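**Student:** Kindly generate the complete structure, drawing on both the sequences and the hints.
Protein chains: 2
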Amino acid sequence: MTFEVTILGCGSATPQINRFPSAQILNYHERFFLIDCGEGTQIQMLRYNFKHQKIKHILISHLHGDHYLGLMGLISTMNLNGRTEELHLYGQPELMDIIEMQLKVSSTTLRYALVFHPLQHFQSQIIYDDGELEISTVILSHRIPCTGFLFREKKRLKNLDIKALKKYKIPISFYNDIKNGLPYVTDKGKTIENNILTIPQKTLRSYAYCSDTCYLPDMVPQLKQITLLYHEATFDSTLIERAKATFHSTAAQAASIAKQAQVKQLLLGHFSARYKNLDLLLQEAIPVFKQVQLAEEGKTYVIE
Amino acid sequence: MTFEVTILGCGSATPQINRFPSAQILNYHERFFLIDCGEGTQIQMLRYNFKHQKIKHILISHLHGDHYLGLMGLISTMNLNGRTEELHLYGQPELMDIIEMQLKVSSTTLRYALVFHPLQHFQSQIIYDDGELEISTVILSHRIPCTGFLFREKKRLKNLDIKALKKYKIPISFYNDIKNGLPYVTDKGKTIENNILTIPQKTLRSYAYCSDTCYLPDMVPQLKQITLLYHEATFDSTLIERAKATFHSTAAQAASIAKQAQVKQLLLGHFSARYKNLDLLLQEAIPVFKQVQLAEEGKTYVIE
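Protein chains in written order, with our numbering: chain A, 66 to 369; chain B, 66 to 369.
It is worth saying that the hints were derived from the structure and are not from the lab.
These numbers were taken from a predicted model, which means no experiment stands behind them.
Because identical chains share one entry, a pair is satisfied inside a single copy or across any pair of copies.
The calculated lysine-lysine pairs, modelled on DSBU-like cross-linking and capped at a C-alpha distance of 35 angstroms, are: (1) K169 / K119; (2) K341 / K116; (3) K169 / K121; (4) K116 / K169; (5) K364 / K341; (6) K119 / K341; (7) K244 / K255; (8) K364 / K219; (9) K364 / K116; (10) K329 / K220; (11) K169 / K341.
**Tutor:** Next up, the structure:
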C-alpha cells in the first residue's frame, strides 16, 4: 500500500522563484489528499506532472495567504476542466465564505459538488475515516486558528495463517473471530493464541503535517512514535525571539518535538525567504534529532 | 519620457507552466501601473527582476480569477516587506469586499494605506490624471462587468524656440501665452504664428488594454489612432461560436478592431491554454491588420 507525500511548496509567507508557499500531496494507496494550497499550487502540479483530477480531499491548515491563496484558482481550473466528481474541502469556517464570495462575483456555478467540512481549532477531531486511513486534526498554536493533520493507517483485520489453521484443525466458523484477534479454545479447553494462527501485521504507518505553529510540546502525546513528522522550521535559533513573536518555530525546536515524540523521521519545511541556503537549519536540527531531512520541492518522501 | 509595457502573463483562464494568467506593468516615465494581477504575478515579478515596491497603482479589469487572484498575495507581500507608501487600487466595487474579508480572517492590518477606487462598468470615466498622463476606462462586454484601460499622454505646454523669440524680440511677459499656444501680435499689428515661436511637439502616445471582451466595435471611437492596442485574442476563427458564447474574441476580430480604430500597433494576448503554438493566431490576424505581434511573457513593448 503506497503511503507517501510529495512536496509542491515548502516556503513561507513571501514566495521566491524556486520556493513556492505551502502545498503537498499525500498519496495513500492512490487516494490523494492536498494539504494546504498556497499561491501557484496548480502551476506546481503542472510542473511536477500531477493531475489535479486525482484529488478528492483538500485540507487547509489556516487562513494565512501562503496556505490557501492557490485554492480559488485550483477550484476554478477543476471546474473549467470539466470536473463532475465531488470535492471535499476541510478548513476554518470562514474559508467557505471567501470561496462563495469569489464564486459569486465571478458569476460561477461549479459543475461539481464542493463539500465543505468546517474544522474546530480548540480540540482535535477525526475528520476522515475510510476504514483503512484515519485523519485527525492536531491543534497548533499560531497567530490565528490553525490545525495540523495526522494521517494514521488503521488496524486492519488480521490475515489468517492457513497452514496453522489446518494444523490445529480450526473450524471455518471461527475464522472471523480469529481475523478479529481472538484466540481459539479447543474442545479440551486448550487455548491457542491468536498470533499462532495469524500472519504478523506490518507496523501501522502514520504522517503528521504541523505547520504553522510555535514550539508546542502539547502536541507530543498525539504524535507519539509516528512514522514521519513534517514540522515547520521557519527560522534558525538565532531568531528564536522572532519565532516566538510570530508564532513560528526554529529548526531546533522542530527537532525537539520530533525527539520528544520519538517519531521515526522528521521533515523540516516552511522556510523563511531569508535563507538562500538551508543547510544552517539542517545543521542545527541534527544534534537534537538525527533522522531529519529538509523538505525539497518536487520530491516524494515514502512513509515506511 | 519612457512609455512601455512589460508582459508578466498573457494566458487565459487555466494557467500553464510557461503561460501565466493576465498581468502587465505599464511604465510611464518611471510611474508604474500594474494592470491585472493573475495568480503567480508576484512570482513573475521576481522572475523578471521587477521590484513590486515601484508600483503605486493597480488596475483590475474584472473579477474573473485569472485577472485578480494574485492580488491578495501581492498586497500581503508588500506589507511583509515593509511597504508604508500608499497603494491605489482600481476595480469593481466587490474587489474591496474580497480583500477586506481576507485581511480580516488572516488578522492582518496593513502598514500602508490601500486606497480603493471603485470603477463603473456602464460608462467610461477618467480614473487618473497627473497632468502628463490620463487614464480612462474602456467599457468592454464580457460575462461579468469588465473595463479596459486607456492610457493617454496629455497635451503639455509648448517648448519655446529661444532663437525665434530673440529674432522677433518677444518680451518675456508674453512667454507664458506662447507656451499655452497663443500667437504673438507685434506693436504694428503683425501676427507671428505660435508654430514659428515654439518647437514642434512629438505626437502624443497612448496605450489601451482591452481584455476580456467579445468583439465590440463600440470601443472603436475611443481607441481611434492610439499608438498601441493590447486586445485579447483568446481563440482562433474556427472557434468563433465559442468566442461568442464565452464573451471572448478571435485573433481576426482583435485585428478588425485595430483596423477600424486605425491604431499604430496591435498586441494580441489572453491566449487559450489549448494553443501550444500561437502562430495560428498571428497568421489569422496579419491579413486583417499587418502591424500585429503576439504578446510574450517577460518582453517589454515600447509605445512610440
